[in-house]
Amino acid sequence: MPELPEVEVTRRRIEPFLVGRKLAGVRTTAPSYFFLTPPRRLARQLAGRTVSQLQRRGKYLVADLDDGRRLLLHLGMTGQLFADGARSPRLLSSTARASLAPEEQRAFRADRHTHLRLCFADGGRGVFFRDVRKFGKVQLLEPGEPSARLDPLGIDALDAAGADLHRASRGRRVAVKSLLLDQTVLAGVGNIYADEGLFRAGVRPRRRAGRLSRAECAAIVRGVQDCMHRSIATGGSSISDYVAPDGADGRYQDERHVYARSGEPCRACSAPIRRVVIGQRSAHYCPGCQR
DNA sequence: ACCGCACCCTGAGCGC
DNA sequence: TGCGCTCAGGGTGCGG
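Residue numbering for the first sequence follows the working numbering, starting at 212 and increasing by one per position.
Worth flagging that the hints you see were computed from the coordinates, not collected in a lab. We put the beta carbon where it would ideally sit given N, CA and C, even for glycine. Misleading hints may appear alongside valid ones.
Quick list of simulated restraints, FRET-style, between CB atoms [as the list claims (entries may be wrong)]:
no.	residue 1	residue 2	range
1	333	425	19 to 29 Å
2	479	230	38 to 48 Å
3	357	378	19 to 29 Å
4	266	233	46 to 56 Å
5	355	481	40 to 50 Å
6	356	479	45 to 55 Å
7	372	322	23 to 33 Å
8	480	266	35 to 45 Å
In silico SDA-like links for lysine to any residue, alpha-carbon gap of 25 Å or less [said to hold, decoys possible]:
no.	residue 1	residue 2
9	233	297
10	233	421
11	233	288
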């Protein structure tokens with residue numbers, strides 16, 4: 212599932228395929244809540260435009276266009292943004308995957324889950340946005356238009372300090388895990404990096420946010436950031452559907468200490484990792500290392 | 001203001 | 001073999 216590191220890796224790798232190229236044609240699937248902007252209007256207004264820069268805010272990608280509009284992209288849970296010609300078994304269904312030998316893996320062909328196809332005037336490689344579960348989002352913002360998606364976001368997780376989390380947590384009775392997933396507090400943290408960051412900080416996910424000390428908040432923010440920097444450096448986590456724009460898998464999942472490791476021994480103390488449910492989300496922690 | 005929870009969606013994995 | 005069930009999860013929005 213794409214969180215800040217996967218979105219940042221995607222941004223860096225897709226940027227050369229987007230920035231400075233003139234959009235010629237845009238194809239979409241039918242209207243659905245995937246499209247916050249109706250797909251026909253999206254296609255009409257994107258045609259002829261050039262992306263001037265591609266930024267990231269939390270888990271959102273923001274493409275600035277030459278007419279002052281902004282294109283928002285959110286990968287949701289299963290979103291995949293990649294360049295034409297990418298090869299990856301993650302771009303195929305499991306049945307299609309099973310029926311193909313690895314050496315037969317063919318380049319991706321747009322399927323019914325490919326909701327956005329961008330073609331460029333230079334005739335070079337197109338860019339696809341595929342999303343099986345349609346939890347992702349596409350929106351075109353008018354020049355200067357406020358965004359109900361971007362505006363409420365808190366400080367980007369990579370720019371945060373311990374004091375930011377400490378301030379936001381005062382008076383809050385929720386579990387620290389839930390607070391970390393709140394995008395209005397730290398933008399970009401999802402389930403993996405919340406769990407891994409709490410492990411690094413030695414703090415249990417159920418701890419009430421309001422009772423954390425300054426030092427604990429600092430350790431948590433540092434823990435989350437350390438995990439994220441390391442993940443970006445290794446190409447992100449490819450746990451379910453995440454695939455980098457060139458089709459390559461990330462390798463950070465190999466470094467996980469707790470996420471999706473329930474029952475397995477802690478790499479530090481050998482205690483079995485526990486899985487609990489907090490705020491309708493699974494949380495993983497080591498009962499030996501986290502207090 | 002805060003918090004729990006239902007919902008959107010699809011495919012994997014399971015039991016029968 | 002195949003059906004039906006459950007589960008996963010980011011973000012939004014509602015009700016208490």
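task: Could you say whether the range 23 to 33 Å given as a hint is met by the Cβ separation of residue 372 and residue 322?
output: Violated: the Cβ-Cβ distance is about 44 Å, outside 23 to 33 Å.
- request: Decide if the proposed pair is consistent with the structure: residue 233 and residue 297, CA atoms, cutoff 25 Å inclusive.
  value: holds, 21 Å
message: Against the range 19 to 29 Å, how does the distance between the Cβ atoms of residue 357 and residue 378 compare: consistent or not?
response: At roughly 25 Å between Cβ atoms, residue 378 and residue 357 fall inside 19 to 29 Å, so the hint holds.
task: With a cut-off of 25 Å on the C-alpha distance, tell me whether residue 233 and residue 421 pass.
output: Violated - the C-alpha atoms of residue 421 and residue 233 are around 50 Å apart, more than 25 Å.
task: Take the C-beta atom of residue 355 and the C-beta atom of residue 481, compute their distance, and say whether it sits inside 40 to 50 Å.
output: Check failed, 56 Å falls outside 40 to 50 Å.
- prompt: Given a hinted range of 19 to 29 Å, is it respected by the beta-carbon distance of residue 333 and residue 425?
  reply: violated, 53 Å
query: Does residue 233 pair with residue 288 here, judged by a C-alpha cut-off of 25 Å?
result: violated, 29 Å
- prompt: If you check the beta carbons of residue 479 and residue 230, does the distance land in 38 to 48 Å?
  reply: Cβ of residue 479 to Cβ of residue 230: about 42 Å, so the range 38 to 48 Å holds.
query: Has the hinted range 46 to 56 Å been met by the Cβ atoms of residue 266 and residue 233?
result: violated, 20 Å
Residue 356 versus residue 479 beta-carbon gap, inside 45 to 55 Å or not: Once the Cβ atoms are compared, 48 Å apart, the range 45 to 55 Å for residue 479 and residue 356 holds.
field: Range hint 35 to 45 Å (beta carbons of residue 480 and residue 266) holds or violated
entry: Between residue 480 and residue 266, where Cβ atoms are some 41 Å apart, the hint holds.
Hints 1, 4, 5, 7, 10, 11 from the list above are not met by this structure, while the remaining hints are.
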